[in-house]
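Asker: For reference, the chains in residue letters:
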Amino acid sequence: MSEIEFFKALADPTRRAVFERLADGEMNATDLRQGFDLSQPAMSQHLAVLRTAGLIAEQKHGRNVLYRINPDGVARIHQWLSRYNAFWPSRVDDLKQLLKEMDQ
Amino acid sequence: MTRKTDASINLTYELDAAPSKVWRALTVPEYVSRWLKRPTGKNEVPEENALESSFELRLISADPDTRVRYSIKDNDAVSVVTFQIGANGRGGTTFSIEHELAMSAANSNWQQPLRAAA
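Each protein sequence line maps, in turn, to chains A and B. Everything in the first sequence is counted per the numbering used here, starting at 1 for the first residue and increasing by one. Everything in the second sequence is counted per the numbering used here, starting at 1001 for the first residue and increasing by one.
I should point out that these hints are in silico values taken from the structure, not numbers from a laboratory. A portion of the hints provided could be inaccurate.
Covered by chain A, according to a simulated footprint, are these stretches of chain B (three or more residues, beta-carbon under 8 angstroms) [to be verified]: (1) 1019 to 1028; (2) 1058 to 1067; (3) 1090 to 1101.
Glycine included, C-beta positions come from ideal geometry on N, C-alpha and C.
Produce the complete structure using the sequences and hints provided.
Answerer: Have a look at this one:
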């Protein structure tokens, strides 16, 4: 799975909402569709993209397929957060320096 | 209400400079590039995270002296940062940063580069 696939999967607001709903616990596609104005094929498509990106995993229980968050996907989000949590304070230090150097 | 899938950062700082001055630092490309997109070679200390290497900013919207939003493309990660400013009553500025990973706005507004890539 590439970085591009991962971030593209999250860039779509519907997919992001589906992913966030799964954060509450595993669910089948029918339950997931509740509250979304999505056809079954459209939901399947989104789930396939999320799965390919490594953000969710699926598990078959007979005819029922349950989807859940993939912890690795969550870990990558956390990596992004820690990168930018370190980034901003140093940028703000530079901003403060710039403000001192600027004319009124 | 932090969820494990939340990918947003919210920070607030107090700055000594007046809002109008901070506004210019946040929106005039020449100024922005001096703090948000630091020219390479300026610092002897190597960047811990070397974000500048593929760091592109694009303006999404600007409400003068209030709020400006940029898309940030960092390698493959697209995110949106909102800078909000306001007078803090002591001559300075309250400056807040809200940075979110991969919002839809980042894609629909990925148009004008703030500054051509060096």
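Asker: So, for every hint listed, does it hold in this structure?
Answerer: For each hint, the structure was consulted:
Under the rule that three or more residues need a Cβ within less than 8 angstroms of chain A, the assignment of the stretch 1019 to 1028 of chain B holds, with 4 such residues. Counting residues of the stretch 1058 to 1067 of chain B whose beta carbon lies closer than 8 angstroms to any beta carbon of chain A gives 0, which falls below the threshold of three, so the coverage claim is violated. With a threshold of 8 angstroms between beta carbons, the proposed coverage of the stretch 1090 to 1101 of chain B by chain A holds, since 4 of its residues qualify and at least three are required.
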